[in-house]
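Engineer: What follows is each chain in one-letter form.
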Amino acid sequence: MNARRLIQLALLVAVLIYPFLTLESPVYQRLGALVLLAAIGASAWNIVGGYAGQVSVGHAVFFGIGAYSAVVAFVHADLPPIVGAPLGMLLSVGVAAVIGVPTLRLSGHYFSMATIAVGELVRVLSSTSDWLGGAQGLGGPAMPRTVFDLSFMSAMPYYYIFLAVLAFLLGMTWWIERGRMGFYLRAIKDSERAARSLGVSAGRYKLYAYMLSAAFTSLAGSLYLCMFGFIDPESGFGILLSVKMVVMAALGGAGQLFGPLVGALILVPVEELSNSLLGGEGAGITFVVYGAIIVIIARFLPAGLLSLFERRPTAEKPAVSTANPASGHAD
Amino acid sequence: MSKIVRRTFTAGAAASVLSLGLPAAAQQQTVKIGVIYPLSGNAASAGTHAKIAAELGADLINNGNPELAKLLPLAKGGGLPGLKGAKIELVIADNQGTPAAGQNQTLRLITQEKVAAVMGSYQSGITQTASAVAEKYGIPFLTPESTAADLTERGFKWFFRTTPIATNFAKAYSDFLKEQKAAGQKTDKIAIVYENTEYGKSTFTAIADLFAKEGHTVGLQVPYSANSTDVQPQVLQLKEKNPDVVIFISYTSDAILYAKTMKELNWKPAILMADDAGFNDAAFVKAMGSQVEGLISRSAFAPGKPGSIAAICDELYKKKSGGDGLDDGSARGLQGFLVLADAINRAGSTDPAKIREALVATDMGPEQMVAGYNGVKFDSKGQNTLGSSLIIQMRNGQYVPVWPKAKATAELILPYKGWPQ
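Same order as they appear, the protein sequences are chains A and B.
Going by the working numbering, the first sequence opens with residue -14, and the numbers climb by one from there.
Going by the working numbering, the second sequence opens with residue 11, and the numbers climb by one from there.
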C-alpha cells in the first residue's frame, strides 16, 4: 500500500466518522452536513456545467422545484416532505427538457444568459402563486410527526443521508465519465463542431446531461427543505444559489469528479465561519470573501484547485510525457 | 476540537475558583441573549436599526438612565436585580436575509454561545426557521416584529411574539371608526383599496373579516397592482361610489400615485385612512406630505409627550444611532427586548424553562410601554393580546399621534382636508 492509498483511506475514514468526531459541537456537525448538501448541488451541476461545458447559471430552477415539491407534498397533501422528492425530480427532468431543447442550441455565454433569464422568470412567477405561498413562502412540518418527516435535532442523520446521496451521485458520474457518454461530453466541451463532425449527436447528449443534472439538483432542493423546513422564492430560486453551484465547482475543478466536493469543502466553511465570526459586526464580509475567491480562481487557477494535484503525476513520470509530448501541456 | 474542550475546561476552572475564593463573584455573572437580525442583504437597514435598539435596551439595563429609571424600574442600571445584578451580554448574529443562515446562526447562538434566550429575526420566513431550532432545543424565542399570522399557529411552546398582527390593526381601525361614528361622523360606506400581493391581500382579509363581525359595512373593495403607472380607473370608481371612509393598503410608489390622482380628479372622502407601509415611508411623506393634510395612518411608535418613556427612548436612540430616531420597526424591537429582559429578571435565573414560565406570566401595562401597545400579555400560542397601534394623522407634512386619547399629542381633525385650496 503506497502513501497515496493511505491518504485516501484516511480521508475516507475521516468522512465516515466525522459526525462522531463532532458530537460535542452541533455547529461543526451541522457544518459537515451543509458541506455535503452543497456538494450534491454542485456535483449535479458539474454533469452539465463541468463535463459538457454548458455553463448553466439558472440551476436554482431545479433546486427550487425540488424544495417546493417537498413542501407542497406536506402542505397540500399532508405527506412527509421527502415524498415530494421523486415528483420534484420527474418534474425537473421535464422542465429541463422544455428549457433545454431551445436553450442548448445557444453556445457559450448565450446559453448562460438564457438560463439566468429562465431562473429569474421562475422566481418571479413563484412569488405570485398563492398555492406556493407567494412571496411569503411555505413551511414544512413545524414539529416532526414521524421519522419520515426527516426533521431531526441532530445533524447526524442528515449527514449520512447526504453522504449516501452524494456517494451515489459521484458513483454514477464516475460511471458516465468512463463510458461512451463521458467521451462524447468531453468532446462536445472541447469543440462541439468537431464532435458533431465525428458523428456525436451533440444536441441529444447535452440534453441528457442537462436532464440528469436537473434531477439531482432537484433532489438537493428536496433535502434542503427537509433540513431547513421552509422555502420562499428567494431561497428556492434566487440567483445566488445558481452562482454558488458554479463557483463551488469552478473552485474545486469543473469537469472533475471530486471538484465540486473540494469547492464545497472550502466555500461552505468559509461562508459559515466568516459569518459566525464577523457577521455580528454587520459588515457583510462573507460576500467580500466570495468575490475575492472568484477573482483569484479566474486569474490564477481557471481549471480549479484540483488542477494543482493533477500536474504532479506527469511531472513524476517524465517517460510518459516524452512518449506522448502533448499530454504534458494539455491544459 | 481540542480548542473547544480546553475552553470549556478553563471556563469551568475559572468558575470554580471564583465561587470558592470570592463569594461576591456572582455579581460578575452575565446573561447572554442571542440577537439575530439581517445585518447584510436587502433588509440590512431595518436589521441594523433593530440591532441598535437591542443595544440601547442592554445599555439601559446595564448602565441605567436616571430620567428613565423613574418610569421603568429596570432602567436603574447595575444589571438585572432579579439575578443579583447580572449584566446583559448581547450576542449578535447576522441572518444575511436568508432562512438558512438564520437557522445556522440560531443553532450557533444556542449550542456554542449558550444564550439563555433568542430574539429576532425581522423577516417572517427567517423567524420561522430560526425559531424551529430554538423550539427543538427548548430555548425561548421572542420575535418583536415578524407579523406572518401562522408563526403562532405552529403549536410551539417556546415562541413568543410581542408585535401586533393584522387582526390587531383591524381592531384598532374598527374601534377608531366606532368612536368617530359616535361623535357624529358618517362612516356608513367604507371602501378598501389594496395592492393585490401577499401584504395587501392578507391585510385586506383581516380588516374585512373583523369589520363584518363588528358591524361595519365594507361596500366597495378595489384590488390593484402596486406596479400600476396609472390609477385613474380606481380613483374614478371611488369618486362614483363616493364612500365616507376609504382605507388604503399600499406600497410607496402607488401611494404617491393615489395621492396625486385624487388631487387631479378633485375627489376626497370625509375620512381617508392608510395602513402604514407606503403611506408612512419617508419618501411618501417628503413628496406628498403637504398634499394629504388630515390623512390617517397607524404606527407602533410615536415619540409622544416630552418626559414619557417613548420620548426619552427616542432621544437616547438618536444619540446611539447617530441621528435616526425610533420608528415603527426599531421601537417594536426595543419593546421586544425589554419584555425579554423583564422576563429573565423575574425568572431570577438563566434556566430557559424558568424564563419561559416568566414570559408566560408577563403582564405589563401601557404605562411601561415604549411602543404604542396597550401592554404585553401572551395568550396560549405566545401572541401578545394587548398589541395595538397608535392612530396618527398628517399635520403640516408630519404625522402626529391622535388616537387613543391617552397617547395623543394633538386633537384629531376631521374631515380630511387634502391639498391646500
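Just so you know, these hints were derived from the structure itself, not from any lab.
Any given hint could turn out to be false.
Said to hold, decoys possible - Straight-line Cα separation of at most 20 Å, EDC-like style, residue types lysine to aspartate or glutamate; simulated pairs: (1) B:417 - B:254; (2) B:211 - A:115; (3) B:42 - B:123; (4) B:211 - B:160; (5) B:417 - B:361; (6) B:296 - B:286; (7) B:328 - B:65; (8) B:188 - B:377; (9) B:146 - B:163; (10) B:278 - B:254; (11) B:42 - A:134; (12) B:330 - A:266; (13) B:124 - A:9; (14) B:80 - B:377; (15) B:146 - A:134; (16) B:146 - A:9; (17) B:181 - B:123; (18) B:86 - B:65.
Engineer: Give a verdict on every hint.
Structural biologist: Do the hints match the structure? See the list:
1. B:417 - B:254: 26 Å, violated
2. B:211 - A:115: Cα-Cα ~11 Å, so holds.
3. B:42 - B:123: Status holds; Cα separation ~8 Å.
4. B:211 - B:160: Cα-Cα ~15 Å, so holds.
5. B:417 - B:361: 37 Å, violated
6. B:296 - B:286: 15 Å, holds
7. B:328 - B:65: 13 Å, holds
8. B:188 - B:377: This hinted pair is violated, its Cα atoms lying about 25 Å apart.
9. B:146 - B:163: Given that 20 Å is the threshold and the Cα spacing comes to 16 Å, the pair holds.
10. B:278 - B:254: Status holds; Cα separation ~9 Å.
11. B:42 - A:134: 33 Å, violated
12. B:330 - A:266: 15 Å, holds
13. B:124 - A:9: 13 Å, holds
14. B:80 - B:377: 12 Å, holds
15. B:146 - A:134: 15 Å, holds
16. B:146 - A:9: 17 Å, holds
17. B:181 - B:123: Distance ~40 Å between residue 181 of chain B and residue 123 of chain B Cα, so the pair is violated.
18. B:86 - B:65: 16 Å, holds
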